[in-house]
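Fit chain B to the supplied structure of chain A, relying on the hints for placement.
From first to last, the protein sequence lines are chains A and B.
Quick note, the first sequence lines up with residues 1 to 466 if you use the working numbering.
Quick note, the second sequence lines up with residues 1001 to 1457 if you use the working numbering.
Quick caveat, the hints were computed from the structure, so don't treat them as lab data.
Check the hints yourself; a few may be wrong.
[Said to hold, decoys possible] So the derived label-pair ranges between C-beta atoms look like this:
no. : chain 1 : residue 1 : chain 2 : residue 2 : range
1   : A       : L443      : B       : H1132     : 24 to 34 Å
2   : A       : R192      : B       : W1436     : 27 to 37 Å
3   : B       : G1409     : A       : P221      : 23 to 33 Å
4   : A       : L443      : B       : A1200     : 27 to 37 Å
5   : B       : D1355     : A       : A371      : 50 to 60 Å
[Stated by the list, open to error] Cut-off 20 Å, straight-line C-alpha distance, at most; resulting in silico cross-link-like pairs (EDC-like, lysine to aspartate or glutamate):
no. : chain 1 : residue 1 : chain 2 : residue 2
6   : B       : K1396     : B       : E1204
7   : A       : K340      : B       : E1048
8   : B       : K1117     : B       : E1201
9   : B       : K1432     : A       : D146
10  : A       : K340      : A       : D149
11  : B       : K1432     : B       : D1375
12  : B       : K1296     : B       : E1158
13  : B       : K1432     : A       : D42
14  : A       : K340      : B       : E1067
15  : B       : K1117     : A       : E81
16  : A       : K340      : B       : D1040
17  : B       : K1432     : A       : E35
18  : B       : K1396     : B       : D1220
19  : A       : K340      : A       : D31
[Unchecked claim] Okay, the calculated bits of chain A under chain B, using three or more residues with CB under 8 Å as the criterion:
no. : region
20  : 41 to 49
21  : 74 to 82
22  : 395 to 406
Given the structure is predicted, the values throughout are model-derived calculations rather than measurements.
Glycine is no exception: its CB is placed at the ideal position from the N, C-alpha and C atoms.
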Amino acid sequence: MSWLAEQISCWAHTPRARSRRWQLLAIDRRDDLVEIASAAVDAVRSAQELSACLHVEVNGRVGAATTSRLDDLDRLLAEAETLAPFGPVTDQADWTTSGIQHNSRVLAAPVGDLGSDPRAEPLESATDALRRLQEDTRLLIHGTVDHVDQTVHFASPAGTHTHRDVFWAITGVAEGRDDPGLQLPWSVWTRRPQLPGYLPAWLSLAQGWQNLPQVQLPNCPVDLVLAPPAVHTLLTPLVSSLSGASVLSGRSLLSERLTQPWLDPRLSLVDGCAGERQAVAEGADGLVRPAFDDEGAPCQELRLISDGVPVRLYHSRSTAAVAQTASTGHGFRGNALHRKPAQPVTPVLNHAVLQVRGADLTRGIAELVSAIDHGVLVESLLGAQQKGRLSPIVEGRIRLGVLIRRGRVVGRIGDQPVALDLREILGARFAGVTEEAWAVSRLWSGRLPFVVASGVGPARGSGCTT
Amino acid sequence: MTAVILKLFAAAGLTAAEFAEIRSERTRLLSLVWRGAGLDSATSSRDEGGCVRVVGPSGSSFVSYTELDPVGALRHARQQATILSGEPVPFAVVPPVVGHYQGEAVEPADQMAVVDKIALLASYHRQALSAHPAVTGALIYYRESASHVRIVTSEGTEVEVERRDLTLQITIYAGSGSQRAAGSLSVGSAGDLVAVRDLAEQVEQAAATAVDLQAAPPLDAGDYDVVCDGALAGIWAHETLGHLAEADHQRGDSGLIRALRPGHRIGPDFLTITDSPGPLTARGHVPVDDEGTAAKEVVLVGNGIVDTPRVHDRATAAAFRETPTGNARALNFRHPPLPRLRTTIVAAGSHEYDDMISSLGRGLLARGFLGGQTDRIGFTFTPAECRLVIDGQVGKLVRGAVLSGDVLGTFASIDAIGRRVWQGETSASCGKQGQWPLPVSSWSPPIKLRGVRVLAG
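Looking at chain A on its own, in the form it has when it is part of the complex (with noise of 0.2 Å):
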């Protein structure tokens, strides 16, 4: 038993603990990091930190308190009582940990045999990794491998759960030798030291695109290829929307429209696949899936949308009482891949997966790329924002694009506005995706198809002229 399970368990039995209703979620977490500059080892950095965040009910409200101290419970326990008096109304089901396994552990264990060192030899072989795609590609490679020990303690009266999880975070951008202006960025988790198999491909395919002459949108309908960081983006509002704080709030474009159909019906959405669990455990390319969200809920498998159908939210416990439903296991301080106690608690997607039935185009984006007779591909998007507070367009300038023309990549597309509907691009011009999926994290975490739309445009977002 690590010295904090040891130092909780202790605490939870003195008088003091158990005279109170309390739920605390403590965080053991190592990062061992090497920065990356042009291939070659920048800095080296590590962190260990212990945090924690308590919850206590005093006379039916709560009181929060957070602390980087460990070794002294009880002082945590009186400040957040402190702010008990004050704080917002509690009811009984915001204390039931029903559905975890008290006084459970869980190891998600890495692969492979890690030797007496875990770190300082695999941070090596993924910084040679970078090395050779650097040589491979002939772009110049930035960015960061991190190594992830991090342990989640969920106690209160009834027991502790403890869930450790072991992954790599190598996140990094490519950049063009001749070009600096192309910037190829990419994140990814994996149980092993190595480079997503999408990569190489991928950056063997864009180091073309340097010194490209810049291009404008054009102006008649093309077949609109979107790349995972993209189709992220387009994915945000309904995600967001299928939010319990969003639909509570009045701020889901979908309020009124659970169980109506809003993509093609080839695709549906699912967060905490068991498939993709499996993938995860092998060491291939995936996401952390918790065992427990920071509420101490079970996280579990979603389909939020089923067959172009958004039939189901996802909840924290508090949007969850208000729902007068049950928590789905999706509340988080932070978000799974790294979880911060001092911040409040959201409802938050860590694994959503966007599947298909029976429209996969090609196994990958340069098979895509040299069947597009007249089309954009678009990387990413700089400050895209819903068109309204409650609209399916989403407008925003197009960070990085390209102009496809007979299968060949003809110009670049940069700081030009796009308007972009999902409901057309992944519902009535949906065409496919290629067999690959990145992965994606930010607002929230997934892993993600190229997209492909037929017939879409144009695709300009107001104010841009021909």
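Using the frame of chain A, we list chain B on its own:
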């Protein structure tokens, strides 16, 4: 250097060829959120920890901790730097600094009882909810922090800094569904509770804005001349020139370095922008940075011409063979310092505010700041409120304006700068590489920009 500190470095086995620094912090935070009918959360935080950085012949290493002791962390950092065999990182030379620094507050927030703070802020929440029948909700975020930071280096720097910060954001909603609109007020200070007193009038104004916006027509997207008030203009200067000037952003970017070369004209001759340590009362008050470098004022642009193109930490200063400027800042002990802005100031111009507005044939009057982002090539900002101006006459509120443009090109589009520099503080904080919210100050007179691309959000 005191004997105790010398012993620390010796116990870690530090050699003469190595540089090391230790930064330890103790921070108390209070966070209060009102949502819905009342106080939604009240959280007290105690955040204590430290970090060390070792720079030597084999490379550099940074270790942060909540449980390790400094000596253990130093040993780990030295070992790490050796194992991974990085390149040496030159650090620019700075004279050691010894001192104790603190800001200034008339009424330090951390000395007021929490019950009184809650009572004050709850009164604003009640006022907001009852301001108008059309008001449907109010959101209040309050955050205060008080930190004691100690920095010691193997070169003899011993610095203690007391830092305080306070932010308050009140957003008031009117209507619901697709007709929902919001008005807001945003204040900040260097931990002085005076900033959150006597806000009743501003709460009423924010509620009125929310109600008026409900009926406001959506703005047609297009190119507009825009007069930005001081608060918005200050953010504009921070997000455009300010971030471009952070030296780590310029490393390896020959195009940017060329665009910001000293002596190159980028704007009109009435444009001067500086980044400074700021006065004692400013959120962006940085008398000494997180590497122990004494802060200096940096003239980024003087009379439209690039003067000092970069703000530095010690590593970037060495890389560019320039002098450290005291801009190395870290959000907290979890992070190494990076070149960050402090108090960014657009100097007063000579144009009258009323004349700037009356010169608009078809333009916008934009006030305050709700959000925005930049990737140092383009920017997008969302003003807190926007009014259409036709033939110099300020009209009604319009909805959904998002100002956008090209970062480097924006300076040439400045038509006028007002006479009076707005030196307020808002809740806007800076984020970079995961280090958010870093307190900054962004001061400016009103500015008129020509031909701004406005999206309809």
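Just pull the numbers of the violated hints for me, sorted ascending. The structure breaks none of the hints.
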